[in-house]
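Colleague: The task is to assemble the complex, starting from two chains supplied on their own in separate frames and drawing on the hints.
Now for the letters of each chain:
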Amino acid sequence: MMSLPIKKLGYTLGLLAIVLLPFLVEDFRVSQFNQVFIYALAILGLNILTGFSGQISLGHGAFYAVGAYTCAILMTQFSMSPYLTLPIAGGACFMLGVLMGFPALRLTGHYLALATFALAIATPQLLKHKAIEHWTGGVQGLVLDKPTPLFELTIFGNELSEDRWLYFLILIVFGILFWLAENLLKGRIGRAIVAVRDQPMAAAALGVNLTSIKTIVFGVSAAYTGVAGALSALAVSFVAPDSFPAFLSISLLVGAVVGGLGSIHGVIFGALFIQYVPNVADDLSKSAPWAVYGIILLAVAYAAPNGAVGLFNKFIKGKRHEHKV
Amino acid sequence: MDSFIQQIAAGLANGGIYAAIGLALVMIHQSTHHINFAQGEMATFSTFIAWALIQQGFPYWAAFFITVVASFVMGVLIQRIFLKPVEKAPILTNVIVFIALLVIFNSIAGWIFDHNIKSFPSPFSTENFFRSNYFSAHQLGSIAVTLIVLLAVFSFFRFTPIGLAMRAAAFNPESARLVGIRVSWMLALGWGMASLIGAVAGMMIAPVVFLDPNMMSGVLLYGFAAALLGGIDNPWGAVLGGVILGVLENLLGAYVIGSDLKLTMALVLIVAILIFRPYGLFGKPIFSRV
Numbered sequence: 001m002m003s004l005p006i007k008k009l010g011y012t013l014g015l016l017a018i019v020l021l022p023f024l025v026e027d028f029r030v031s032q033f034n035q036v037f038i039y040a041l042a043i044l045g046l047n048i049l050t051g052f053s054g055q056i057s058l059g060h061g062a063f064y065a066v067g068a069y070t071c072a073i074l075m076t077q078f079s080m081s082p083y084l085t086l087p088i089a090g091g092a093c094f095m096l097g098v099l100m101g102f103p104a105l106r107l108t109g110h111y112l113a114l115a116t117f118a119l120a121i122a123t124p125q126l127l128k129h130k131a132i133e134h135w136t137g138g139v140q141g142l143v144l145d146k147p148t149p150l151f152e153l154t155i156f157g158n159e160l161s162e163d164r165w166l167y168f169l170i171l172i173v174f175g176i177l178f179w180l181a182e183n184l185l186k187g188r189i190g191r192a193i194v195a196v197r198d199q200p201m202a203a204a205a206l207g208v209n210l211t212s213i214k215t216i217v218f219g220v221s222a223a224y225t226g227v228a229g230a231l232s233a234l235a236v237s238f239v240a241p242d243s244f245p246a247f248l249s250i251s252l253l254v255g256a257v258v259g260g261l262g263s264i265h266g267v268i269f270g271a272l273f274i275q276y277v278p279n280v281a282d283d284l285s286k287s288a289p290w291a292v293y294g295i296i297l298l299a300v301a302y303a304a305p306n307g308a309v310g311l312f313n314k315f316i317k318g319k320r321h322e323h324k325v
Numbered sequence: 001m002d003s004f005i006q007q008i009a010a011g012l013a014n015g016g017i018y019a020a021i022g023l024a025l026v027m028i029h030q031s032t033h034h035i036n037f038a039q040g041e042m043a044t045f046s047t048f049i050a051w052a053l054i055q056q057g058f059p060y061w062a063a064f065f066i067t068v069v070a071s072f073v074m075g076v077l078i079q080r081i082f083l084k085p086v087e088k089a090p091i092l093t094n095v096i097v098f099i100a101l102l103v104i105f106n107s108i109a110g111w112i113f114d115h116n117i118k119s120f121p122s123p124f125s126t127e128n129f130f131r132s133n134y135f136s137a138h139q140l141g142s143i144a145v146t147l148i149v150l151l152a153v154f155s156f157f158r159f160t161p162i163g164l165a166m167r168a169a170a171f172n173p174e175s176a177r178l179v180g181i182r183v184s185w186m187l188a189l190g191w192g193m194a195s196l197i198g199a200v201a202g203m204m205i206a207p208v209v210f211l212d213p214n215m216m217s218g219v220l221l222y223g224f225a226a227a228l229l230g231g232i233d234n235p236w237g238a239v240l241g242g243v244i245l246g247v248l249e250n251l252l253g254a255y256v257i258g259s260d261l262k263l264t265m266a267l268v269l270i271v272a273i274l275i276f277r278p279y280g281l282f283g284k285p286i287f288s289r290v
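Taken in order, these protein sequences are the chains called A and B.
Letter 220 of the first sequence, counting from 1, is numbered 220 in my numbering, and no numbers are missing.
Letter 135 of the second sequence, counting from 1, is numbered 135 in my numbering, and no numbers are missing.
I should point out that these hints are in silico values taken from the structure, not numbers from a laboratory.
Beta carbons: idealized from backbone N, C-alpha and C, even for Gly.
Just so you know, not all the hints are guaranteed correct.
Claimed, not checked - Lysine-lysine pairs mimicking PhoX-like chemistry, simulated, CA-CA at most 20 Å apart:
| id | chain 1 | residue 1 | chain 2 | residue 2 |
| --- | --- | --- | --- | --- |
| 1 | B | 88 | A | 314 |
| 2 | B | 262 | A | 128 |
| 3 | B | 88 | A | 130 |
To be verified - Label-pair ranges, simulated between beta-carbon atoms:
| id | chain 1 | residue 1 | chain 2 | residue 2 | range |
| --- | --- | --- | --- | --- | --- |
| 4 | A | 32 | B | 172 | 31 to 37 Å |
| 5 | B | 214 | A | 286 | 14 to 20 Å |
| 6 | B | 88 | A | 286 | 34 to 40 Å |
Pulled out of the complex, with its shape left as it was, chain B reads as follows (with noise of 0.2 Å):
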C-alpha cells in the first residue's frame, strides 16, 4: 500500500511538470490557434540562460527573474522575425517553421552550453517535507509553481481587456482587427507569454531530470498528450490531464506493462480516449454552421 502511494506521489510530481508544459502549449493555442512544436527546446534553452547566470554568481531567484523576462522578450521577437512572415501561409508551412525552430534551438544549446548533463539548483530543499515520506519540498514546490502560473493565465485571460483581445484576435483574426485589435501584436504577446511559462517549467523540471539540450524532447511530447487529453483550449484541462498523464504513467509503469512500454501505453490510453471525446476531456466541440 505504502508503495502504491508512492507511485501515485510521484506521479503527482511528474504530472506538475507536464502541465506546466501543457499549459505552455494551451497559452500559444489560446492566442493564435497553433501548436509550437518548438516549446520544449525552447524552455531548455531558457533553463541554459538560468544556469549559465546563477554559474555568473547570481542568486537563485535574481537568474529566475531575469530568465523569464529573457524568455518573454525571446518568445516576442521569435514571433515578430520568424513567424510574421508566414502569418498568411499554410497552417503545415507554420508547422516546418517550428520544426525548424526546434532543431536551431536544440542545435545551438548544445553548441554554446555542450552536451554533458549539468546539475541544476533547485530553490526549494531536496529532502523530504516535513512530517511527509510521499514528497521532497522541491516536488511540492514545483507544484505550487504550476498552481501559481495556472491562476496567473486562466486570471489573464478571464478578466483582462488585453487577455479577451488575445482570445478574440485568435478566434476571429477579421473581426478583431475591425474592432481595434493588433492581431499580429497579439499573437507576438501569446509567444512571448507561452515562452515566459515555458522557461518556469524548465527551471522546474531542470532538477530532477538534469539539465542537457535534450531535456525537454520527452517532456514536451507528455506536455502536448496532457494539453490535448484536457482539452487544447482549457487552461484547467491542461493542468488535469497532466496531473492524469504523471499518476497514470507511473502506476502503468509500476504494475501493468514495465517501463519500457510505458510510453506507447500511455498515449494508446489517450488516443483511445481522444476517439471518445475528440475534443479533450474538458474541451468544448467545435460547431460550424453550413
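Bound conformation, chain A alone (with noise of 0.2 Å):
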C-alpha cells in the first residue's frame, strides 16, 4: 500500500504531465490525443448504459453524430458560441436517449442490440435526407470554425495553437463529466442502476422504479455520448453523414469492453484502443489490416476478458494474495 504523500505526490505529477503533454508534441499529435479523450467520453457514456445498467447497445455513433450535428448546426446556422453548444447538445441526447430508452424497457438482450444497431443503420441515411438538407447540408456536410483560444501562451517554444487549446476544454469537459460520472455511480442512484441490472424484480420488491431508473439512464448515457461528439465536431472542424457509420458504434462498444465493463476508470484505455490499434494494425500489415485488428481484438478477449480494469484488479489482487503468503 502506498503512503499518502506518495499518493498525493504521484497525482500531482500525473496532473502536470497531462498539463504539459500538448506543448511537448507537434499539433497532429495533440489532435490525435483529442480524439483519444473524446472517445474515452464517447465510451465512459456506453459504459454507464452497458456496463452498469446492464442493457446493450450498438447505436450510440447515433448519438454521437447527433451531438455532432448538433453543435455544428447551432454554430453554423446561430452563430452560436462553441463553448454554448456543448450543454445543449448534451440535453437535446438526453431527451433523444429517455426517449430511445422507452422501446429499450421492453427489449432484452439481442432484441435490444438490434434495436439500437437499427439506429446506428438508419442516422447516416436520415442526416443524407433531403428534407433537412437545408439545416445538415446534406452529403457535403457542415464545415465549421474551431474555436480560437482566448489567450496567448507558449510553453516549450510552442504556442497554444487551436489544437491545443481544445485539448484543454476537452480535458476540462471529461474532467467534470468524469466526476459527476463516479459520483452519481456510487450513490443511491448507482447503486439502484446496479441492482436493476443483477436482480431486476428484488429491485422493484425494495421499492426501486425500473422505468424510471433504466430510462434515466439511457438518457444520461446518450447525453454523455453526445457531448463527446459535439467536441468532436470542434475538434475535426467538420460533419459529414458518413463520418458516423455503423461501424463507430462497433468500435464504442469495442472501447467499452476493452477498457473494462462495470468500471469507469478503463474507459482511457479502451479509447487509447479504437483510436491506435487500427493505425498500428495498418502499420504491420497493408494488405489484410484488419485481419490484424482482429487478431490484437482476440488476443485482448483472451488476455483480459474483463478489460484492462479486470486485468489490474487481477494484477493487484494477486500481488496482495503473495504479500499474504
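Modeller: This is the structure:
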C-alpha cells in the first residue's frame, strides 16, 4: 500500500504531465490526443449504460452523430458560441436517449442490440435526407471553425494553438463529466442501477422504480456520448453523414469492453485502443490490416476477458495475495 | 397490378435469402444462445471457396458439396479454437470475439480473392421459369433450397437424439452435462451446422448480388432482423420473418418511401413490432422464477 503523501505526489506529477503533454508534441499528435479523450468520454457514456445498467447498445454512434450535428448546426446557422453548444448537445441527446429508453424497457439482450443497431444504420441515411438538407448540408456536411484560444501562451517554444486550446477544453469537460459520473454511480442511484441490472425483480420489490431508472440511465448515457460528439465536431471542424458509419457504434462497444465494463476507470484504455490499434494494424500489414486488428482484438479478449480494469484488479489482487503468503 | 405482383415476387425471392441467413442464426442460437455477428462473413468466405473450386474446373454440384463439408469443418474448428477459451467469459467478451472474427474473415477474403466483384454461377437457369413472368428459375430454385434446409433443420432438432442433446446443452448446460451430454462439443456441432447453412445461403445469394468480400454485410442485418422478427428460437419463424421482411421492404421501397430509406423503414417497423411482441411474432416468452 502506498502512503498518502507519495500518492498525492503521484497525482500532482500525473496532472502536471497531462497539462504539459500538448506542448511537448506537434499539433498533429495533439489532435490525436484530443480524439482519444473524446472517445473516452463517448465510451464512458456507453459504459454507464452497458456496464452498469446491463443494456447492450450497438447504436451509440447515433447519439455521437446527433451531438456533433447539434453543435455544427447551432454554430453555422445560429452563429452560437462553441462552448454554449456543448450543454445543448448534451440536453438534446439526453431527451433522445430517454425516448430510446422506452422501447428499450421492453427489449432485452439480442433484441435490444438489434433495435439500437437499427438506429446506428438509420442515422447516416436520415442525415442525408432531403427534408432536412438545408439544416444539415446533406451529403456535403457542414464546415465549422475551431474555437480560437482566448489568450496567448508559449511553453517549450510551442504556442497555444487551436488544437492545444481544444485539448484543454476537452480535458476540462472530460474531467467534470468523469467526476459527475463517478459520484452518480457511487451513490444511491448508482446502487439502484446495478440492482436493476443484477436482480430487477428484487430491486422492484425493494421500491426501485425500474422504468424511471432505466430510461434515465439511457438518457444520461446518450447525453455523455452526445457531448463527446459535439467535441468531435469542434476537433475535426467538419461533420458529414459518412463520418458516423455503423462501424463507429461497434468501435465504441469494443472500446467499452476493452476498457472494462462496470468500471469507468478503464475508459481511457478503451479509447487508446480504438484510436491507435487500427493505425498499428495498418503499419503491420498493408494488405490485410483488419485481419491484424481482429487478431489483436482476439488477443485482448483472451488476455483480459474483463477488460483493462479486470486485468489491473487481477494483477493487484494477485500481488496482495503473494504478500499474504 | 402486374407491377404490384412483380414487386411481391421479387420480395419473396429476397425474403428467401434473408430467411436462409436467419435460419443459420437461429441454428447458432438454438445450440449456443449467442448471435454470431461473423455469420455473414463466414458465409461469404465459404462462397469464395466454392468460386475457387468452380474456377478450378469442378462441376457446380461437386463444388457445392465440397464447400458445404468444408464449411462444416470450418465452423467446428472456429468454435474449438476461438470460442472455447471464452466459453465462460461474459457475454460481451463473446460479442467482441465475434466482431474480431468478422473483420478477420472480411479482410482475409479481400486479401486472398481481391476486392473485384465476381459473378457466381447458378445451378438453375436465370431465365424466366416456364409460363411464369414473375419468378426466374434461380429464384424458385433458391426458395426450394431454403425450404429443404428448413425442413432438414427442423427435423434435426425435433426428431434426432443429437438435436435434442444440442437443445438441452444450450438451454441448461449444467443439467445437460449431468446427464452425460458433452456440452462443449454440442456447441462446436452447432457452429459447424450454422456455418454449413450459411454456406448454402451464400451460394444461393451470390448469383443475385455478385460475389465480393462485403457481399453479406447488408444481408446479415436482414437475416438478423428476420430471425428476431420471427422469434429467435423458432426456425419456421425465421423463414416467415424473412419472407415478411423481403416483401415489406420491396413494397415500401416501391410505393411509399423510395429506395434510399428502404432499410431504415424496414428496421423501424421491426423495432415497432418488437415493442408489442418482445419475443418475436412466433417466439415463446421466457419466464423466470423468483
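Colleague: Are the hints correct? Go through all of them and say.
Modeller: So, going through the hints one by one against the coordinates:
Taking the CA atoms of residue 88 of chain B and residue 314 of chain A, the gap is near 17 Å; set against the 20 Å cutoff, the hint holds. Distance check on the hinted pair: residue 262 of chain B and residue 128 of chain A sit about 14 Å apart at the alpha-carbon level, within 20 Å; holds. Of the supplied pair hints, the one linking residue 88 of chain B and residue 130 of chain A is violated, its CA atoms being roughly 48 Å apart against a limit of 20 Å. Distance hint check for residue 32 of chain A and residue 172 of chain B: the Cβ-Cβ separation is about 49 Å, which falls outside the suggested range of 31 to 37 Å.
Under the hint 14 to 20 Å, the C-beta atoms of residue 214 of chain B and residue 286 of chain A, about 19 Å apart, fit the expected range. With their beta carbons about 37 Å apart, residue 88 of chain B and residue 286 of chain A fall inside the hinted range of 34 to 40 Å.
Hints 3 and 4 from the list above are not met by this structure, while the remaining hints are.
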